[in-house]
Structure formats: structure tokens, C-alpha cells
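Numbering (this note's numbering), first residue to last: 1 to 517.
Don't read these hints as lab results, they were simulated from the structure.
Hints are supplied without guarantee of correctness; some may be wrong.
[What the hints assert, rightly or not] Computed cross-link-like contacts, DSS-like style, restricted to lysine-lysine with a CA-CA straight-line distance of at most 27 Å:
hint, residue 1, residue 2
1, Lys423, Lys459
2, Lys204, Lys215
3, Lys349, Lys496
4, Lys349, Lys334
5, Lys213, Lys174
6, Lys334, Lys203
7, Lys336, Lys496
8, Lys203, Lys174
9, Lys411, Lys174
10, Lys335, Lys215
11, Lys174, Lys345
12, Lys336, Lys349
13, Lys334, Lys345
14, Lys345, Lys411
15, Lys459, Lys334
16, Lys203, Lys336
17, Lys411, Lys349
18, Lys204, Lys174
19, Lys345, Lys335
20, Lys174, Lys90
21, Lys213, Lys203
22, Lys213, Lys335
23, Lys334, Lys411
24, Lys459, Lys335
25, Lys335, Lys349
26, Lys334, Lys213
27, Lys459, Lys496
28, Lys204, Lys336
29, Lys349, Lys213
30, Lys335, Lys411
31, Lys423, Lys335
32, Lys349, Lys423
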Amino acid sequence: MEITHLVADDELQEPGALVGAIDVGSNAMRLGIAAQDDQGVPRLIQRYREPVRLGHDAFTTGILSPQTMDEAVEAFRQFRRILDQHHVEKYRATATSAMRDAANGCELIARIAEETGIELNLISGEEEARLVHYSISRRVDLSNQFTLLIDMGGGSVEVTLCDDGEIISAQSFKIGTVRLLEMLGQEGDFNTLLSEYLDGTRKKLREQIGRRKTKQCVATGGNAAAIGELACQLLGTASPDQISLAELGDLIRTLAELSFEERIRDLGLRPDRADVILPAAMVFHEIMVLAGAETMIMPDASLLDGVMLDMVDNEQRTFNSQRRNLLAWARSLKKKYHVDRKYGKHVAKLALELFDQMHGLHGLGHRNRLLLELAAKVHEIGMYVRVGGHHRHAAYLISVAPLLGLSAEEKTLLAQVVRYQRKAAPNETHELFAALNAEDQQTVWHLSALLRLAIALNKERRNRVENVEVEIDSQDITLHLEGHGDLLLERWAALKTSAYIEQAFGLRLHIDLNLTN
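Model the full structure from these sequences, guided by the hints.
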């Protein structure tokens, strides 16, 4: 086990004051222990690393061998002892690419829980990107610029685009360093093989990045930090926290001239870093070129740090961060698919007014309110594919989009709400709707009914309904509309949803007009 002490033992705080996070990656397993400062922000005080390379099995055979599983369980026994030794009661363990790819990953998760009592959570590439962004955003000012975040692991590389600090796109690419080594090997002309392999990802990267260019990338992960240190050591760069594109190219040529053994002997690299450092540098260089970036910075940010921040922050702060990112995603999606943004914004305003005033009927919480807001803003994206059946096309586009901050279940709900914005009502013969549990089916009914009604109230797309007041009694829902013009078309369109509203809420719909001029 490799142990890094960031403070002296006598500085460790009282029992219960520490938090822990475990990151099970493709190249190694890491445990971080942190103390919270006066503002409640975790400050890493000790770091432990176990060199268990799950990616060797996961990316070759697709199955973790008994020996690898035994090593992983033993690493977690060590982590358990360390957590108990420091009286760490609040901790979270996450697993990423290799565990996602291994066919028997769930078996290992069950063994770890049974033998150590530590519950290991398998997170998606999107959630990994969100947590890394969370860490970076607390340490780097990302405002007023377009920024590319690159988090490189052993199994995958998460590429996240940020505009004014908020995530607008994220995608996971299977070009992690350990995966590349296992697929391409270390013998022969590795550089040529790697370049040819990257051809398959260049198109997807170009599509994600688009025409926008960024002067600066932000890189995280152990290889990013190692590249910064090596650039200082070999090239005499000004700081280990930043490297230019030209300097990175020089470093790649220097590393390529050294054998695996020379990187260990002459550069002081660990064996499990010496073999992955060159492909890591080449992938960083490739992404920088595609993004038009001149420099890459390597802040003290990581998945471990993001997990800790997410764990200690209060629920409201975490939710606000997720909401900002999701709304930024919605704006980006509307721009990509040429949606009328003002129209979508007004539909969202009306939908949320209905949601808030009808809370006594549906009883849904703030996360479902966010789903309705997102659905209202992006419900027309399917028209980019085809006007006919655009509700189904929109649902599909949402189902395949990376949505940072939403669980898989929430993403499914969002797609279904958009699916039922028009035409047919939810039906047990519809496969995706039928797969939902009874509570989620009811949520889809309620949110899609509110979305349909909000769309109807903006029928002419002229934003004429300014306010809606809802009156509810034992039999009826009465909407009092305030706005400009006669609102007769809006009233007619809203009443056409009455059968759907009655099926969703069990009450009849009435419309009362209150015109301002």
C-alpha cells in the first residue's frame, strides 16, 4: 500500500470529524481521508493507494479473475481498517469503468460488502464527469469562458464541455490508458497503433466539441498530475500545474525514446505509471488539438475530491448545482436542435405555475419539478428529426443524451413525460411506460398532464397568457387566465386537454378568462 501523509498525525481531528472516499478505478484503488474546514469544505489529509489493476481483466477477458477479486477484497479490508482506525463514520465508495465492464463486477461488489461492510456504488460515466466537474469548479474559475474538462482514467476518458462554468455536454470515451495498453500491447510501433485507434474517436470528439474553440483545457487524474511533474523535471516548464501544447508534444517525444525500464529507473515512475504515461500524454495531446487549446492546466482536483464535496455539501447546494448544469444542458440542446427558446421558456413558466399551485393534487417534490421544467424547455427538440411524431423523437434524443445530475430512473421519467406531451395517453401496451412501477407511472401522468396544459396555454406561440391562477374544489380544476388579447384560442386548446387532465387528476377542467386589455 502506498500512503501519502498530507498532514502530521497529531493534526488529525477528533473521531467523527473526518470523512472518507474510495475510488475504485481501472489502474488502482484509492482511499482519501479529509477533515472539514470552518466552511465545511473537506481538506484531504491522507491518501492511500492499492495497485490493484482491475482493468487488466476487465479489458481483456471481460471477467475479473479469482486472484484479482481476492486482491480487491484484501485492499478493501485494508481500507476498512484505516477507516476504523481514524474513526471515520461518514464515507462513500465508488467504482468506475473497469467495474462497469466486468461481467462479474456485481459479484465482487457483493463480496466486498459481505467481507468488509463497505457498500461500493457503481457510477456511470456521466456521474463521474459530474463529480469531477464539482471538484474542479471549487478550485478553478470557469466563469465567462468556454472550457474543456478532460478526466483521464484507466478505462475511459470523460470529456466535459463547460460554458460559463456550467456543463453543457459530457461524453465518455473508451480510450483510458489501461484499456489502450491491454488492447494495443506495449510491443511494436505503439505510437502508430494508438494513432490509428484514435481515428475511431476523433469524429465523436469533433461532434461533441463542434466549432467552438477553447484556449485552455483542464485535465484531472493521476496521469495529468504526473505529466505536469515530468514536464518540470525534463523540460524545465514554469509550473507542474500547466503545460502548453508544444511542451506536451516535446514531452511525448522524450517519453517515446525511453523504454519502460528507463522510465522507472531514470524518471522514478512506479511500474503501473511508467507503462501508461505515454498513451495518457498522447490522448491529452489529441484532445487539445481537436479543441484548439493552447494550454492545459492540472489543478488539485479529482473524483475522490468531488465525491467528498458531494457528500458533505447540504442537499440544497448539491441540487442547485445539478439544476444549473441541467438547465445549461437544456439551453445547449435547444441551440443544437434549433428550438424556439423564448417559446420554450414561457411554456416552462406556465408549467411551473401549474405545478406549484396544484401541489396538493400531485404531491411531487422539487426533483420532479425540475423534470417538468426541463421537459417544458426541450419538448420540441424532436422536430429537428421530423415534425411528424416529434414527441417520440424528442423522447429518444433525451434517452440517449448524457444528463449529469439525473439518475437513470429520472432520465427515463423525463423522456416519458416528453413522450406524452401530445397524441396518445400513457398505456400499458406501451413497453417503456409499462416497465415503470406504479408510482412512476402516476408521476408521468401528472407531469405530462401539466406539460400538455402549459403547451396548450401558449397555443399561438405568442406568450399571451401572462399568469395562471388555479382554483381547486372537490370536483373541478378552474384556471383563471390573465393575459393579452381574447385568449379564445388558448382557452379552446386548454379545454381540448380536459379528458387527459381528468384522467390524470380525477377532476374536471374549467377555464375562466381575465383579460388585461
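Checked hints:
1. Lys423 - Lys459: Status holds; Cα separation ~15 Å.
2. Lys204 - Lys215: 20 Å, holds
3. Lys349 - Lys496: 20 Å, holds
4. Lys349 - Lys334: Measuring from Cα to Cα gives roughly 16 Å; hence the hint holds.
5. Lys213 - Lys174: Since the Cα atoms of lysine 213 and lysine 174 sit roughly 23 Å apart, the hinted pair holds (cutoff 27 Å).
6. Lys334 - Lys203: Within the cut-off at roughly 22 Å; holds.
7. Lys336 - Lys496: 31 Å, violated
8. Lys203 - Lys174: Between lysine 203 and lysine 174 the Cα gap is close to 14 Å, so the pair holds against 27 Å.
9. Lys411 - Lys174: 23 Å, holds
10. Lys335 - Lys215: 22 Å, holds
11. Lys174 - Lys345: 36 Å, violated
12. Lys336 - Lys349: 22 Å, holds
13. Lys334 - Lys345: Holds, at roughly 11 Å.
14. Lys345 - Lys411: 20 Å, holds
15. Lys459 - Lys334: 19 Å, holds
16. Lys203 - Lys336: Holds, at roughly 17 Å.
17. Lys411 - Lys349: Between lysine 411 and lysine 349 the Cα gap is close to 21 Å, so the pair holds against 27 Å.
18. Lys204 - Lys174: 12 Å, holds
19. Lys345 - Lys335: 13 Å, holds
20. Lys174 - Lys90: 32 Å, violated
21. Lys213 - Lys203: 16 Å, holds
22. Lys213 - Lys335: 17 Å, holds
23. Lys334 - Lys411: 17 Å, holds
24. Lys459 - Lys335: Status holds; Cα separation ~22 Å.
25. Lys335 - Lys349: Distance ~19 Å between lysine 335 and lysine 349 Cα, so the pair holds.
26. Lys334 - Lys213: Answer holds: lysine 334 to lysine 213 is near 20 Å, not above 27 Å.
27. Lys459 - Lys496: Holds, at about 11 Å.
28. Lys204 - Lys336: 15 Å, holds
29. Lys349 - Lys213: 33 Å, violated
30. Lys335 - Lys411: 20 Å, holds
31. Lys423 - Lys335: Status holds; Cα separation ~25 Å.
32. Lys349 - Lys423: Holds: lysine 349 and lysine 423 sit about 22 Å apart, inside 27 Å.
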